[in-house]
Amino acid sequence: MLVRDPAQRATATELLQHPFLRQAQSPSILIPLMRGSRHTNC
Numbered sequence: 001m002l003v004r005d006p007a008q009r010a011t012a013t014e015l016l017q018h019p020f021l022r023q024a025q026s027p028s029i030l031i032p033l034m035r036g037s038r039h040t041n042c
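The sequence shown runs contiguously to residue 42 in my numbering.
Source of the hints: derived by calculation from the structure; they are not laboratory data. Values in this document were obtained by computation on a predicted structure and should not be read as measured data. All C-beta atoms in this analysis are idealised placements derived from N, C-alpha and C, irrespective of residue type, glycine included. Misleading hints may appear alongside valid ones.
Simulated restraints, written as ranges between beta carbons of each label pair [what the hints assert, rightly or not]:
#: 1; residue 1: 38; residue 2: 3; range: 35 to 45 Å
#: 2; residue 1: 2; residue 2: 30; range: 33 to 43 Å
#: 3; residue 1: 7; residue 2: 36; range: 26 to 36 Å
#: 4; residue 1: 33; residue 2: 12; range: 19 to 29 Å
#: 5; residue 1: 5; residue 2: 36; range: 36 to 46 Å
#: 6; residue 1: 37; residue 2: 4; range: 32 to 42 Å
#: 7; residue 1: 23; residue 2: 2; range: 36 to 46 Å
#: 8; residue 1: 38; residue 2: 8; range: 18 to 28 Å
#: 9; residue 1: 34; residue 2: 12; range: 22 to 32 Å
#: 10; residue 1: 1; residue 2: 23; range: 14 to 24 Å
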């Protein structure tokens, strides 16, 4: 849910502890996918 008041929003540190982000893989897993997509013709 959107929190309009910035003072009431979660901090970056708090958000990094969210289960969704804690279960995420390392961003480095995306590098081969991004490199591969550069060379394809859509």
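(request) Enumerate the violated hints, using their earlier numbering and listing them in ascending order. (result) Violated: hints 2, 3, 7, 8.
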